[in-house]
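K.L.:
Chain by chain, the residues run as shown.
There are 2 protein chains.
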Amino acid sequence: MTYPLSANTIEKALAAISFNDDGLVPAIAQQHDTGEVLMMAWMNREAVIETLNNGRVCYFSRSREKLWHKGESSGQVQTLKNFRIDCDGDTLLLLVDQEGVACHTGRRTCFYTEVTDEGLKEIAEVEKSPEELYGSSD
Amino acid sequence: MTYPLSANTIEKALAAISFNDDGLVPAIAQQHDTGEVLMMAWMNREAVIETLNNGRVCYFSRSREKLWHKGESSGQVQTLKNFRIDCDGDTLLLLVDQEGVACHTGRRTCFYTEVTDEGLKEIAEVEKSPEELYGSSD
Numbered sequence: 001m002t003y004p005l006s007a008n009t010i011e012k013a014l015a016a017i018s019f020n021d022d023g024l025v026p027a028i029a030q031q032h033d034t035g036e037v038l039m040m041a042w043m044n045r046e047a048v049i050e051t052l053n054n055g056r057v058c059y060f061s062r063s064r065e066k067l068w069h070k071g072e073s074s075g076q077v078q079t080l081k082n083f084r085i086d087c088d089g090d091t092l093l094l095l096v097d098q099e100g101v102a103c104h105t106g107r108r109t110c111f112y113t114e115v116t117d118e119g120l121k122e123i124a125e126v127e128k129s130p131e132e133l134y135g136s137s138d
Numbered sequence: 001m002t003y004p005l006s007a008n009t010i011e012k013a014l015a016a017i018s019f020n021d022d023g024l025v026p027a028i029a030q031q032h033d034t035g036e037v038l039m040m041a042w043m044n045r046e047a048v049i050e051t052l053n054n055g056r057v058c059y060f061s062r063s064r065e066k067l068w069h070k071g072e073s074s075g076q077v078q079t080l081k082n083f084r085i086d087c088d089g090d091t092l093l094l095l096v097d098q099e100g101v102a103c104h105t106g107r108r109t110c111f112y113t114e115v116t117d118e119g120l121k122e123i124a125e126v127e128k129s130p131e132e133l134y135g136s137s138d
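Protein chains in written order, with the UniProt record's numbering: chain A, 1 to 138; chain B, 1 to 138.
No wet-lab data here; the hints were simulated from the structure.
Zero decoy hints are in this set.
Put simply, identical chains are the same to the list, so a pair is met inside one copy or across any two.
In silico DSS-like pairs for lysine-lysine, Cα to Cα no more than 27 Å straight-line:
{"no.": "1", "residue 1": "LYS121", "residue 2": "LYS81"}
{"no.": "2", "residue 1": "LYS12", "residue 2": "LYS81"}
{"no.": "3", "residue 1": "LYS12", "residue 2": "LYS121"}
{"no.": "4", "residue 1": "LYS66", "residue 2": "LYS128"}
{"no.": "5", "residue 1": "LYS81", "residue 2": "LYS66"}
{"no.": "6", "residue 1": "LYS12", "residue 2": "LYS66"}
As the structure is a computational prediction, the values presented were derived from the model and not from experiment.
Full structure from sequences and hints, please.
P.N.:
Written as C-alpha cells, this is what we have:
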C-alpha cells in the first residue's frame, strides 16, 4: 500500500472499528511472511490514523497514556503490510514487517511462555539484550 | 499434550496470567499449522481451567456472560495444540486445530475486512452459511 491512505479510506476504517469504553481497540501484530504472532497491544483513534498515514505501526500505551510509535526508542519498528478488522470491529490484525525483535525483553515474540505437560517453559531466546535495545523501556 | 494437564501446571498457568479488572484476558486463536490468525476472544479463570482440562478451547462470552465452549452449537470446535502466555501475562496465544470455520459469519477467519488503497475490502469467502452453522448464534 502507498501511505498516507486517503482521508476517505481512513474515515471508513475508523467507522468500521468499535473502540471500547476507554476508546481503545486491541491490535494483534503478525509477521506478514512467516505468520508468527509477535505481540498484542492497543490503539486509540489517533494511533489508527497515525499508522494508516505513515505505514509504521503506532499503538497507544496504556501505562504511559500516550501514543507509542513502536520502535521509537528501540529502533525495532513495524512496517505495516496489511491492516485488517474483525467481524464485529473490535479487534485488529496488523500484518507487519518487524525490524529485529517485537518484545521488550529482546525476544522476537512476546508469546515465549508455553504451558506444557511439565509446567511453564520458555520457548524463545533473547536475541537482543534490553540494554542493547533501550536505556529505558520501549 | 495430554489432557487434563496436572492441577499443578494449571495453577502455574493461572498464576502467570494477569486477568483485567473484569477478570478477563484476551486470547488469540491461531491455526497451528498454517499460521492463520482466526479470531480473538476472552477467557476468565474458569475458561482457562476448562481449556487446559479438556484440550478443547473454551472462552468466556462477554455478551452472554457465561462460558462459551467454542463450537458447542456450531460444531466448529478448536482443539488446543499449544497454550502460550505473553511477556506481561495479559494476552494469550492459542495454537489450535480449527474444525471448519472460526467466524460466526461462516468464514474461516474473523479478520476478513482489509483496509486497502481503495477502501475496505472483504478478503475471505463465506464457506458455511450461518443457517448451516446454527439455528441461533454461536
